[in-house]
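Engineer: Residue numbers (the working numbering), protein chains in the order written: chain A, 11 to 303; chain B, 11 to 303; chain C, 11 to 303; chain D, 11 to 303.
The hints are simulated quantities; they were obtained by calculation from the structure and are not laboratory data. Be a bit skeptical, because a hint or two may be false.
Heads up, the list lumps identical chains together, so a pair's fine if it works in one copy or across two of them.
Claimed, not checked - 25 Å max Cα-Cα, derived SDA-like pairs, lysine to any residue:
{"hint": "1", "residue 1": "Lys45", "residue 2": "Glu235"}
{"hint": "2", "residue 1": "Lys250", "residue 2": "Ala162"}
{"hint": "3", "residue 1": "Lys204", "residue 2": "Gly44"}
{"hint": "4", "residue 1": "Lys250", "residue 2": "Glu236"}
{"hint": "5", "residue 1": "Lys204", "residue 2": "Asp286"}
{"hint": "6", "residue 1": "Lys45", "residue 2": "Gly132"}
{"hint": "7", "residue 1": "Lys227", "residue 2": "Leu247"}
{"hint": "8", "residue 1": "Lys250", "residue 2": "Arg112"}
{"hint": "9", "residue 1": "Lys204", "residue 2": "Leu81"}
{"hint": "10", "residue 1": "Lys204", "residue 2": "Asp77"}
{"hint": "11", "residue 1": "Lys204", "residue 2": "Glu151"}
{"hint": "12", "residue 1": "Lys45", "residue 2": "Glu218"}
{"hint": "13", "residue 1": "Lys204", "residue 2": "Ala162"}
{"hint": "14", "residue 1": "Lys204", "residue 2": "Glu116"}
{"hint": "15", "residue 1": "Lys250", "residue 2": "Leu302"}
{"hint": "16", "residue 1": "Lys227", "residue 2": "Glu208"}
{"hint": "17", "residue 1": "Lys45", "residue 2": "Gly19"}
There are 4 protein chains.
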Amino acid sequence: MRVGFIGLGRMGTAIAGRLLEGGNEVAVWNRTPGKTDEPVRRGARLASSVADACAGAEVVMTMLANDGALLDVALGPGGIAESLEDGAVHVAMGTHGVRAVRTLAEQHTEAGQAFVAAPVLGRPDVAAAGQLGVVVAGPAEALGRCRPLFEAIGRRTFAAGDRAESATSIKLANNFALGVAIESMAEAFALVRKHSVEPSLFYEVLTEGLFAAPAYKVYGTIIVEEDYDRVGFTTELALKDVDLTLAAAGDARVPLPSAAVLRDRLLAAIAHGDGDRDWAVLAREQARTSGLE
Amino acid sequence: MRVGFIGLGRMGTAIAGRLLEGGNEVAVWNRTPGKTDEPVRRGARLASSVADACAGAEVVMTMLANDGALLDVALGPGGIAESLEDGAVHVAMGTHGVRAVRTLAEQHTEAGQAFVAAPVLGRPDVAAAGQLGVVVAGPAEALGRCRPLFEAIGRRTFAAGDRAESATSIKLANNFALGVAIESMAEAFALVRKHSVEPSLFYEVLTEGLFAAPAYKVYGTIIVEEDYDRVGFTTELALKDVDLTLAAAGDARVPLPSAAVLRDRLLAAIAHGDGDRDWAVLAREQARTSGLE
Amino acid sequence: MRVGFIGLGRMGTAIAGRLLEGGNEVAVWNRTPGKTDEPVRRGARLASSVADACAGAEVVMTMLANDGALLDVALGPGGIAESLEDGAVHVAMGTHGVRAVRTLAEQHTEAGQAFVAAPVLGRPDVAAAGQLGVVVAGPAEALGRCRPLFEAIGRRTFAAGDRAESATSIKLANNFALGVAIESMAEAFALVRKHSVEPSLFYEVLTEGLFAAPAYKVYGTIIVEEDYDRVGFTTELALKDVDLTLAAAGDARVPLPSAAVLRDRLLAAIAHGDGDRDWAVLAREQARTSGLE
Amino acid sequence: MRVGFIGLGRMGTAIAGRLLEGGNEVAVWNRTPGKTDEPVRRGARLASSVADACAGAEVVMTMLANDGALLDVALGPGGIAESLEDGAVHVAMGTHGVRAVRTLAEQHTEAGQAFVAAPVLGRPDVAAAGQLGVVVAGPAEALGRCRPLFEAIGRRTFAAGDRAESATSIKLANNFALGVAIESMAEAFALVRKHSVEPSLFYEVLTEGLFAAPAYKVYGTIIVEEDYDRVGFTTELALKDVDLTLAAAGDARVPLPSAAVLRDRLLAAIAHGDGDRDWAVLAREQARTSGLE
Chain A
11 MRVGFIGLGR
21 MGTAIAGRLL
31 EGGNEVAVWN
41 RTPGKTDEPV
51 RRGARLASSV
61 ADACAGAEVV
71 MTMLANDGAL
81 LDVALGPGGI
91 AESLEDGAVH
101 VAMGTHGVRA
111 VRTLAEQHTE
121 AGQAFVAAPV
131 LGRPDVAAAG
141 QLGVVVAGPA
151 EALGRCRPLF
161 EAIGRRTFAA
171 GDRAESATSI
181 KLANNFALGV
191 AIESMAEAFA
201 LVRKHSVEPS
211 LFYEVLTEGL
221 FAAPAYKVYG
231 TIIVEEDYDR
241 VGFTTELALK
251 DVDLTLAAAG
261 DARVPLPSAA
271 VLRDRLLAAI
281 AHGDGDRDWA
291 VLAREQARTS
301 GLE
Chain B
11 MRVGFIGLGR
21 MGTAIAGRLL
31 EGGNEVAVWN
41 RTPGKTDEPV
51 RRGARLASSV
61 ADACAGAEVV
71 MTMLANDGAL
81 LDVALGPGGI
91 AESLEDGAVH
101 VAMGTHGVRA
111 VRTLAEQHTE
121 AGQAFVAAPV
131 LGRPDVAAAG
141 QLGVVVAGPA
151 EALGRCRPLF
161 EAIGRRTFAA
171 GDRAESATSI
181 KLANNFALGV
191 AIESMAEAFA
201 LVRKHSVEPS
211 LFYEVLTEGL
221 FAAPAYKVYG
231 TIIVEEDYDR
241 VGFTTELALK
251 DVDLTLAAAG
261 DARVPLPSAA
271 VLRDRLLAAI
281 AHGDGDRDWA
291 VLAREQARTS
301 GLE
Chain C
11 MRVGFIGLGR
21 MGTAIAGRLL
31 EGGNEVAVWN
41 RTPGKTDEPV
51 RRGARLASSV
61 ADACAGAEVV
71 MTMLANDGAL
81 LDVALGPGGI
91 AESLEDGAVH
101 VAMGTHGVRA
111 VRTLAEQHTE
121 AGQAFVAAPV
131 LGRPDVAAAG
141 QLGVVVAGPA
151 EALGRCRPLF
161 EAIGRRTFAA
171 GDRAESATSI
181 KLANNFALGV
191 AIESMAEAFA
201 LVRKHSVEPS
211 LFYEVLTEGL
221 FAAPAYKVYG
231 TIIVEEDYDR
241 VGFTTELALK
251 DVDLTLAAAG
261 DARVPLPSAA
271 VLRDRLLAAI
281 AHGDGDRDWA
291 VLAREQARTS
301 GLE
Chain D
11 MRVGFIGLGR
21 MGTAIAGRLL
31 EGGNEVAVWN
41 RTPGKTDEPV
51 RRGARLASSV
61 ADACAGAEVV
71 MTMLANDGAL
81 LDVALGPGGI
91 AESLEDGAVH
101 VAMGTHGVRA
111 VRTLAEQHTE
121 AGQAFVAAPV
131 LGRPDVAAAG
141 QLGVVVAGPA
151 EALGRCRPLF
161 EAIGRRTFAA
171 GDRAESATSI
181 KLANNFALGV
191 AIESMAEAFA
201 LVRKHSVEPS
211 LFYEVLTEGL
221 FAAPAYKVYG
231 TIIVEEDYDR
241 VGFTTELALK
251 DVDLTLAAAG
261 DARVPLPSAA
271 VLRDRLLAAI
281 AHGDGDRDWA
291 VLAREQARTS
301 GLE
């Protein structure tokens, strides 16, 4: 398929690579120019503008860092909505808010195009291996057309119906559950430490049984080793995510007290200078408020 | 070894069975008489009193429902502290509070006995199969003597040092983490449901990746199936546990906001008549407060 | 002084009336036309556009419902920034967010104008009587020039320095404290009701001593009388305010757990259909979650 | 009347003084002997034991620091229940938990005596001036007999019905509301400080209008002056109170999220060494977690 791809950060680059391997014709565009080198070397066409990336494309995919960038690229002057052909599809794969996604669904529909939200589960290395989970929602016909692309990208596609925001809410809820798991470990580790328990022992107990899963093993290890400078996902980015989750909860009128606890912990961590560390650092923030640091 | 065993509920019965299979001489006592039938049929001696269960025992194990029962049996008139021989060990395997455990450690030490906290991880069927996790703490010498018993009972023993309350805090922290995991699912399911997502789909996303662990699979399934009447652990018992956790946190001066969120949710569930249902019912309570029921 | 006044809701109308009484020349503009009738009858000039309201004005005041309307009127095409004369002042009196206020301060400064945030404390009837509290912040020189206007409007002016957002944060923090006071009553009334106490008796105890202040008397009375349909400030508007407060807290990296509790209660109340009732209705929401309704 | 008075701390001494001034015959007893000097000098009889204080008394009043002391003095060997004459009344004026109060009501009733809970509102100096608020609950007939005593003690008596725990819950709820007010100030002051606002200015805004009441003026002043070493009520005692409130809420199945927020803040303050300071110090704790200290 002819695919435009906008947003070549680490994740976008990995996904674009999968699309190229799958034999698709890919035109890439990125606001910061240097980032397109790798996909171009692997056979992508370097588009000169968003409009150029959309030219002739059946599908345009975006992997952008936040709602502002997405709305700008999609709905701004010279953006996707203005440039995409009738009946073509915009697939947004970043983690976005439900309001932005709802706006995009409406505007693209008005412009005669289809909009699909397709947030992904996994890190860049997982993406490069084609092992992402992809949660997709949007018009059934558009989902059908994009299916080969999702299969090129991921190990498994979860179809969440015809409302784009449904996929968005799943991604946000999944990240939220992860944040709460980290927060629960932060609290639990502080509790046992204050009762003279070695963190590594508690880690053993926790991850050997009920919690023998990546969420607890990966982040529990970081907490035990206090290895907060090996950053997978920063506290600042986690705050952005939680704010999207709380906004989605606000829109839907869902009280979400655990998200509020998580947000306050992230804010305290950032207030103490840990904004650019891995978000597992909220275990240190909990230790701090418990008088352990 | 000669072992006294006090408290023959479902869990106590399963554990006593393992001890008997392991070739130990076990004397059993239970406040309510009928409960001792099974271990007696399997070779245990029926003790006529707590004191009788302690007579000649190297180790007395208790598996009691709450701190009140434990303190009564251990420190009351005719209790373990009065009856146990010099140098013998009281091993308390129930889920208890740090204050009760601290009191017991002090009183038994004063009485010339040793006290070990040995809470277990797992359900009665796991216990019957000898697959429990056993978290133990107390005087090193006493732990050493009890080791064959722990090995008869469980798949793995976690040694948490010489302060009994350390084991207690691990057990409470583990249960707390489970409660928070359930609460996070309760909130997450409500959020996605309000964005038109089928619960079973969200379950798939959640448990296929980061959360591929029993905590999420077992309780996520109950939530998806709304199968709250198949009770593993009741909301009322969960409240008792959370209150022990909050008390342990208070003693240690550890703020524990997620435990507070969990407690309030449990209280609301009980206020709405769900006290005797499985504690996964807090997903229904969250749905209720979100206007979904 | 020559004053432009934009936003003639109930509060704007009352304030514009005070300015006219004070002998100022006032040009009024409102998006919805009918709202300007009263000030025009009292001597205001009806402006034909935002630009017309700004023409010749030394000060333009806005009293708008939300950040969107403010940013649109101030920075949109034909807006205040484009229309206001060099050195003139834009005084924003609504309850706004710190980000919007910061943006306005920057943009007006760039345009050679001054920006003052001047949120007010009090209801429309208080405004009509010239008894508002006015919290002001912005460039000292601009504050000095506007002083006669603030004196015409209010009983007391609180000068909060030269950063506009300081005034904003005070207004938000004051509303937040009020929301928390209502929430605390909601919880306290539920607690005593469940212990067989008449709400009116608890009201007596509370407001006779430590809490003998309008916040507790006004809202406590509504709660005791369950008079939630006599609306002073709706639950929906309160949610908007709390979201501004949480955003301000997020920007400043201040964990604000009581605001989170308040937001969740408001969301639950709205989820149960109480969005358009007086926000004291969160006492009913608390009663509901306590199994009292 | 002939009155026994047990518990001569600062508050008990002030109240006993009022009773003596009112012409009652008062026998005093205190565990620590020296404390009875002042009432004895003012005409009280020094009792040699709890039983002696009860001998011939129509009413025995207790003002004790916690549930443990109260239950011990009332129900222990040689205690009030054993010593008090048939039909006499035990009036407990301290701040106690609903469970303890319920137990006392049952036990005294069984012993043929009446039990009244009569917690007071106000500090020792207020008590000495006879200006306390007194919240009373218990059997109507007993309340009637004690009325002259309540009138000697306080400015106003609030009759809360025939269940002793009703009075208890009112006292706890009132203290809870105060704690939440302090917490809300703690959060609000941190928020405005981070937006460059002088605390004293925010104090002016707050206490001049909606919050012109002692709760905000007294504690707001301490916060502005950071005068946490002039102790009215310690953080540790506040924690004890909040724990009683949370226990009362647990018993009644009332979720109380603001109490949980308050408890966690108190715990963090204590963890940082502020347990013996005035509980307004939770403003410093909030500042600490916001990166302001």
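Engineer: None of the hints should be skipped; say for each whether it holds.
Structural biologist: Now the hints, each set against the structure:
1. In this assembly of identical chains, Lys45 and Glu235 lie within 25 Å of each other by CA distance neither inside one copy nor across copies; the values are 33 Å within and 47 Å between.
2. Taking the shortest Cα distances, Lys250 and Ala162 never come within 25 Å of each other, neither inside one copy (29 Å) nor across copies (43 Å).
3. Proximity of Lys204 to Gly44 under the C-alpha cut-off of 25 Å is found in neither arrangement, the shortest distances being 50 Å within a copy and 39 Å between copies.
4. Proximity of Lys250 to Glu236 under the C-alpha cut-off of 25 Å is restricted to the intra-copy arrangement: shortest distance 23 Å within a copy versus 32 Å between copies.
5. Proximity of Lys204 to Asp286 under the C-alpha cut-off of 25 Å is restricted to the inter-copy arrangement: shortest distance 21 Å between copies versus 27 Å within a copy.
6. When the C-alpha separation of Lys45 and Gly132 is checked against a cutoff of 25 Å, the pair qualifies only within one copy, where the shortest distance is 21 Å, while the shortest distance between copies is 51 Å.
7. Taking identical chains as interchangeable, the C-alpha atoms of Lys227 and Leu247 lie at most 25 Å apart only when both belong to the same chain, with a minimum of 21 Å there against 28 Å between chains.
8. For a Cα distance limit of 25 Å, the shortest separation of Lys250 from Arg112 qualifies both inside one copy, at 18 Å, and across copies, at 20 Å.
9. Taking the shortest alpha-carbon separations for Lys204 and Leu81, only the inter-copy value of 24 Å comes in at or below 25 Å, while the best intra-copy value is 48 Å.
10. Taking CA atoms no more than 25 Å apart as the test, Lys204 paired with Asp77 passes between copies only; the shortest distance there is 21 Å, against 42 Å inside one copy.
11. For the identical chains of this complex, Lys204 and Glu151 are inter-copy neighbours only, at 24 Å across copies versus 57 Å inside a copy, given an alpha-carbon limit of 25 Å.
12. Neither within a single protomer nor between protomers do Lys45 and Glu218 lie at most 25 Å apart by alpha-carbon distance, with minima of 42 Å and 32 Å respectively.
13. Taking CA atoms no more than 25 Å apart as the test, Lys204 paired with Ala162 passes in neither setting, with 49 Å inside one copy and 31 Å between copies.
14. Taking the shortest alpha-carbon separations for Lys204 and Glu116, only the inter-copy value of 19 Å comes in at or below 25 Å, while the best intra-copy value is 53 Å.
15. Taking the shortest Cα distances, Lys250 and Leu302 sit within 25 Å of each other only across copies (22 Å), while inside one copy they are farther apart (28 Å).
16. Proximity of Lys227 and Glu208 under a CA criterion of 25 Å is satisfied intra-copy only: 16 Å inside one chain copy versus 28 Å between copies.
17. Proximity of Lys45 and Gly19 under a CA criterion of 25 Å is satisfied intra-copy only: 7 Å inside one chain copy versus 51 Å between copies.
Checked against the numbered hints given earlier, this structure breaks hints 1, 2, 3, 12, 13; the rest are met.
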